[in-house]
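Chemist: Sequence:
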Amino acid sequence: MKICKKIIKYTEKHFWKLFIVFNIILTIILFRKFIVIREYGLMFLIFIAGIIGYGIGKNKMRDEMDSRCDIKNEKIEEYCKEIDILKKDIELKEEYIEKIRNKLKEN
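Going by our numbering, the sequence shown opens with residue 1, and the numbers climb by one from there.
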């Protein structure tokens, strides 16, 4: 189980490098099977398409994470506003209690 966790952590940190190595190995294997000149261009296009696809996917994930952070920040701001309102309410109640105490002391 520990080995699996280490592999997952390494993969998360170095996914870009592993992806490029995998694409290079895949293209080399396909080059050996198809040694026709036309196939070289096809394999190169597959390799480039893989890198572009990864870049697009990574950008979408980044945008999604940014939007989640924005939503969380908005909620935090709402909670802060509510806390400020409650603090003001408490201060008003404390002032009211002080006024009542002062009136009671006078009587």
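In case anyone wonders, no lab produced these hints; they're calculated from the structure. Any given hint could be a false lead.
As the list claims (entries may be wrong) - Straight line, CA to CA, 25 Å or less: simulated DSS-like cross-link-like pairs of lysine-lysine: (1) Lys17 / Lys75; (2) Lys99 / Lys88; (3) Lys81 / Lys60; (4) Lys105 / Lys93; (5) Lys72 / Lys87; (6) Lys81 / Lys93; (7) Lys75 / Lys60; (8) Lys81 / Lys58; (9) Lys93 / Lys103; (10) Lys17 / Lys6; (11) Lys103 / Lys88; (12) Lys60 / Lys72; (13) Lys87 / Lys75; (14) Lys58 / Lys6; (15) Lys17 / Lys58; (16) Lys99 / Lys87.
To be verified - Have a look at the derived ranges for each label pair, beta carbon to beta carbon: (17) Ile29 / Asp66: 30 to 40 Å; (18) Ile46 / Asp66: 36 to 46 Å; (19) Ile52 / His14: 28 to 38 Å; (20) Tyr10 / Glu91: 29 to 39 Å.
Glycine included, every Cβ here is placed at the ideal spot set by N, Cα and C.
Chemist: Could you run down the list of hints and mark each one as holding or not?
Modeler: Now for the hints, and whether the structure bears them out:
no. : hint                      : in the structure
1   : Lys17 / Lys75             : 37 Å, violated
2   : Lys99 / Lys88             : 17 Å, holds
3   : Lys81 / Lys60             : 32 Å, violated
4   : Lys105 / Lys93            : 18 Å, holds
5   : Lys72 / Lys87             : 22 Å, holds
6   : Lys81 / Lys93             : 18 Å, holds
7   : Lys75 / Lys60             : 23 Å, holds
8   : Lys81 / Lys58             : 35 Å, violated
9   : Lys93 / Lys103            : 15 Å, holds
10  : Lys17 / Lys6              : 16 Å, holds
11  : Lys103 / Lys88            : 23 Å, holds
12  : Lys60 / Lys72             : 18 Å, holds
13  : Lys87 / Lys75             : 18 Å, holds
14  : Lys58 / Lys6              : 22 Å, holds
15  : Lys17 / Lys58             : 14 Å, holds
16  : Lys99 / Lys87             : 19 Å, holds
17  : Ile29 / Asp66: 30 to 40 Å : 38 Å, holds
18  : Ile46 / Asp66: 36 to 46 Å : 31 Å, violated
19  : Ile52 / His14: 28 to 38 Å : 20 Å, violated
20  : Tyr10 / Glu91: 29 to 39 Å : 54 Å, violated
Of the numbered hints given earlier, the model fails hints 1, 3, 8, 18, 19, 20; all others are met.
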